[in-house]
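Chains as they are written, first to last, in my numbering: chain E, 1 to 375; chain H, 1 to 375.
Worth double-checking, as some hints may not be accurate.
Copies of the same chain are indistinguishable here, so a pair counts whether it falls within one copy or spans any two.
[What the hints assert, rightly or not] Derived BS3-like pairs (lysine-lysine); straight-line CA-CA distance at most 25 angstroms:
(1) K82 <-> K341
(2) K176 <-> K240
(3) K240 <-> K179
(4) K141 <-> K309
(5) K218 <-> K178
(6) K218 <-> K260
(7) K341 <-> K43
Calculated directly from the structure, the hints in this document are not laboratory data.
Below, each chain spelled out in residue letters.
Number of protein chains: 2
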Amino acid sequence: MSFRFEILHQSKKSRARVGRIHTPHGVIDTPNFVAVGTNGTLKALDNRMVDSIGLQLMFCNTYHLLLQPGTQVVRRAGGLHKFIHRNMPIITDSGGFQVFSLAYGSVADELKSRGAKKRDGHVLKIDEEGVVFRSYRDGTKIRLTPESSIQAQKDLGADIIIPFDELPPYHIGRDKLKKSLERTHRWEQRSLEEHLRNPQDQAIYAVIHGGVDPDFRKESCAFLSNLPFDGYSIGGSLGKTKPEMIEMLTSLLPQLPPEKPNHLLGIGDLESLHQCLPLGIDTFDSSYPTRAARHGLLLTQEGGIKVEKGENANHFGPIEPACTCWTCQHFTLAYLHHLFKARELTAYTLATVHNLHFMVELMRRNREAILNDHI
Amino acid sequence: MSFRFEILHQSKKSRARVGRIHTPHGVIDTPNFVAVGTNGTLKALDNRMVDSIGLQLMFCNTYHLLLQPGTQVVRRAGGLHKFIHRNMPIITDSGGFQVFSLAYGSVADELKSRGAKKRDGHVLKIDEEGVVFRSYRDGTKIRLTPESSIQAQKDLGADIIIPFDELPPYHIGRDKLKKSLERTHRWEQRSLEEHLRNPQDQAIYAVIHGGVDPDFRKESCAFLSNLPFDGYSIGGSLGKTKPEMIEMLTSLLPQLPPEKPNHLLGIGDLESLHQCLPLGIDTFDSSYPTRAARHGLLLTQEGGIKVEKGENANHFGPIEPACTCWTCQHFTLAYLHHLFKARELTAYTLATVHNLHFMVELMRRNREAILNDHI
């Protein structure tokens with residue numbers, strides 16, 4: 001079945017809405033959390049376990065898959081779904097974010113004056129055509145352009161793809177940001193044209209840019225919503241603080257076509273999620289819950305549990321009594337505490353299962369709250 | 001149900017036999033492979049997955065569990081089976097092997113002149129009473145004696161336990177080896193007495209010692225088979241080469257009471273296993289198949305596959321077409337190759353599942369071969 005978005009309920013209390021994205025590999029109930037499976041797997045889980053947890057959309061990174069195993073291998077395997085044995089929806093990004101993070105460093109790098117090391121060497125050239133960088137794996141030169149990024153994403157065959165964009169540094173003059181925005185728009189348009197030559201039953205989400213400048217965000221919404229994209233993701237610099245991000249999103253979201261789905265790129269910590277839901281965000285991707293799990297932070301309705309704390313050594317019940325996840329159904333918090341203390345790999349698997357299940361359940365409850373106009 | 005061993009078939013071709021060990025947590029078909037779950041988990045697997053693979057006996061290490069989480073914690077949890085959520089048989093060792101490996105280094109350490117660093121500091125005192133060592137985790141002094149080792153194993157509550165013994169260095173004079181053997185026999189007798197005060201439905205296997213000296217091995221068999229042990233494990237220095245080990249075992253096994261089960265400690269590579277089966281070994285424990293998996297060596301009937309080899313990048317079938325393991329049922333060798341190349345934790349899980357399933361199937365086929373007098 002082809003891509004289609006339907007809105008089931010618009011909250012009377014906020015801009016939040018409950019919807020359903022139909023894709024060739026099944027439905028995504030919105031709003032929803034999207035876990036990051038960079039290399040075609042969630043860290044420490046196999047994809048059958050991911051299915052059983054009910055994660056409806058997985059985010060894979062074109063940059064990583066381009067370098068290993070190469071998108072040609074995935075194409076020969078019959079596409080990413082077959083290669084990684086996942087029968088549910090997948091979204092891929094363009095690779096731009098990672099390449100430009102290498103070139104400019106992340107916002108966090110900038111704020112902490114890190115990233116000088118990252119900056120040198122890897123990115124060889126950036127011009128109107130695209131970018132040339134060196135593979136950190138084998139040193140080969142790779143050219144990434146709007147067209148080649150889309151071709152790579154055609155090889156991968158995800159249900160939703162993303163056009164090639166430039167990620168400008170956070171600290172950038174207004175003139176340079178404007179130039180970057182205009183180039184990104186040209187690149188996104190080229191990406192869309194490349195995609196439309198062979199849609200291959202994929203949907204494509206634009207990336208709204210403009211940093212934290214309201215005028216630029218407005219310009220970006222106006223330009224991109226005039227093009228036949230299937231949905232809109234929000235990218236670029238989202239600000240250096242949460243309030244800055246929320247302010248930007250509050251003014252941005254009403255400018256997006258309401259009948260199309262939107263996606264907030266790279267944000268999914270619980271606090272941001274809580275604040276973004278009333279603004280009408282449909283999907284969020286983040287590695288927060290899976291990374292937190294590997295660092296021994298278990299998410300529960302009562303807050304986070306640091307599993308290695310001594311008080312958990314003798315807790316012979318599940319992490320959460322009411323939790324129905326595989327981990328809570330079979331193992332105790334005391335055992336998890338022990339596995340973390342003993343640095344056993346099994347610990348990361350069991351904690352990740354729990355946190356991911358928590359996110360799936362959290363979003364189910366959030367959709368219910370929206371249906372009841374409580375959000 | 002209490003411990004009981006029955007022999008179903010004695011091969012006409014060799015000393016190999018097919019049997020069944022009954023334990024309070026179910027049956028162990030023999031001969032069989034025993035995987036090592038040092039800290040109460042097989043590395044990278046959860047114990048429900050281990051059950052589904054059909055691994056009938058798991059080996060846990062008292063030394064490690066004593067230091068983390070502590071046997072008191074396990075006792076409070078209701079025993080090791082409950083703590084780790086395993087409903088099938090478990091065997092624990094005495095802790096002696098690890099403590100004396102720290103004190104003397106392993107045979108491999110000795111042969112390679114390693115281990116000097118290991119030797120200093122950790123073991124504080126060895127005398128007739130037992131040994132005092134320092135925990136590598138928190139620096140506390142721990143006293144391990146025949147009585148305290150058995151008490152620790154009572155807290156853990158495994159189906160089969162092992163008496164406290166001394167592991168002498170491989171290079172040791174005959175006089176010193178004799179003294180060590182005699183002390184080990186006294187320690188094993190004290191362990192047995194401590195066990196019999198409160199059998200707690202556990203079985204106890206003696207440890208035959210004597211290094212590669214046929215007279216000492218004979219003496220050890222004679223002494224220990226006169227005591228009411230439930231089975232016999234073979235420990236101590238097994239020689240520095242495979243032929244030396246096989247020679248020792250060939251003369252040793254006929255001296256064990258044939259109606260009781262035996263166990264070869266710490267050996268389970270495929271070549272040794274192949275050579276030991278006709279000698280009549282009932283169970284083997286080894287971390288070989290699980291460690292090999294994490295190092296990217298997949299076991300198959302056609303030999304080992306090094307998963308990271310380039311030729312596997314485009315192999316879009318399972319590791320082995322006929323294999324019925326979870327990994328082969330769901331994932332391809334190409335995907336596994338990719339996960340290893342990308343250093344994903346999921347790789348270790350999927351490879352371990354396959355190798356463990358391989359061992360379970362290999363031993364099933366071996367039992368069939370013995371039933372047909374082909375071994």
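Each hint tested on the structure:
{"no.": "1", "hint": "K82 <-> K341", "result": "between (37 angstroms within a copy, 19 angstroms between copies)"}
{"no.": "2", "hint": "K176 <-> K240", "result": "within (19 angstroms within a copy, 70 angstroms between copies)"}
{"no.": "3", "hint": "K240 <-> K179", "result": "within (21 angstroms within a copy, 71 angstroms between copies)"}
{"no.": "4", "hint": "K141 <-> K309", "result": "between (47 angstroms within a copy, 23 angstroms between copies)"}
{"no.": "5", "hint": "K218 <-> K178", "result": "within (12 angstroms within a copy, 88 angstroms between copies)"}
{"no.": "6", "hint": "K218 <-> K260", "result": "within (17 angstroms within a copy, 82 angstroms between copies)"}
{"no.": "7", "hint": "K341 <-> K43", "result": "both (19 angstroms within a copy, 14 angstroms between copies)"}
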